[in-house]
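Under the working numbering, the residue at position 41 of the sequence shown is numbered 41, and the numbers go up by one with no gaps.
Don't read these hints as lab results, they were simulated from the structure. Just so it is clear, the structure is predicted and the values come from calculations on it, not from any experiment. Heads up, some of the hints might be wrong.
[To be verified] Below are the DSS-like pairs computed for lysine-lysine, each with C-alpha atoms no more than 30 Å apart in a straight line: (1) K61 / K199; (2) K161 / K63; (3) K61 / K108; (4) K161 / K229; (5) K110 / K61; (6) K229 / K21; (7) K56 / K161; (8) K56 / K108; (9) K138 / K161; (10) K138 / K56; (11) K110 / K56; (12) K63 / K167; (13) K229 / K174; (14) K167 / K138; (15) K33 / K56; (16) K138 / K21; (17) K232 / K108.
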Amino acid sequence: MASGDHPSENNFRFIDVAAEKHDILLPIEGHEKMPLVTLEEAVVPLISILPDIRRKVHTAKLKCKNPADGLTSDQSAAIMLYTMEWEPQNECLYFVLNEHLRAADRKKLKPWFLYLKLILTGLSRLPSVQRTVYRGVKLDLSAQHHEGEQFFWWGFSSCTKKMNVLKSDQFLGKTGKRTLFLIECVNGKYIRRHSYYQKEDEILLLPATYLEVVTCFEMASDLHAIQLKEIKPDFPYLEPV
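Given these sequences and hints, build the entire structure.
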């Protein structure tokens, strides 16, 4: 079965909400001044951080020879590289990138500038999606979210169009403490045709997405729901490419 025909075995990027601490950080900037380069060139500064990254890039480029949506092969492969899951998890590109996007020390983002320029340029070519999307976590986060509260999610946020996807044991499962986020997004990017795992039906929220809590409620025993809506901050905190 082709990789795009089934979800990843890990899916941590869909359920890493607890890593977002709602801190107020400096804007994400600097990447917009970089040149557009190939994906192979964009990851050169990352080799010391992600030892196997060049082989993963090679795989992504082979799978993105004829990309959809008018993207270049490099732009499509940059998105696919983000969606790839491998072991150890803490060496996956998405894991380390989001860790650095959420860090107070913005100097940690400098090695990522070329890659950010490439992936954000590709994502900017995709139409924005206005709809409800879903993500979750195997924890009870209801006490950390209050109606009317506003905050940033600093990392890329992987969401799905289908709430049923999250019921799988590979995601939230059906038992234990869980929190489901229902997000009314306005700038989501539907990346299914550029994802390594197309069945995940992924919509990606950009870094520094600003959100407001609409309401919190209990859907079932040990399952809490938090409804969010994307809002526009007073100033952009992700510099556009």
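Taking the hints in turn, this is what the structure says about them:
1. K61 / K199: Distance ~20 Å between K61 and K199 Cα, so the pair holds.
2. K161 / K63: holds (24 Å)
3. K61 / K108: holds (26 Å)
4. K161 / K229: holds (15 Å)
5. K110 / K61: Holds, at about 24 Å.
6. K229 / K21: Status holds; Cα separation ~18 Å.
7. K56 / K161: Status holds; Cα separation ~27 Å.
8. K56 / K108: holds (22 Å)
9. K138 / K161: Holds: K138 and K161 sit about 19 Å apart, inside 30 Å.
10. K138 / K56: holds (29 Å)
11. K110 / K56: Distance ~21 Å between K110 and K56 Cα, so the pair holds.
12. K63 / K167: holds (29 Å)
13. K229 / K174: OK: K229 and K174 at ~25 Å, within 30 Å.
14. K167 / K138: holds (11 Å)
15. K33 / K56: Status holds; Cα separation ~26 Å.
16. K138 / K21: holds (16 Å)
17. K232 / K108: Given that 30 Å is the threshold and the Cα spacing comes to 26 Å, the pair holds.
No hint from the list above goes unmet by this structure.
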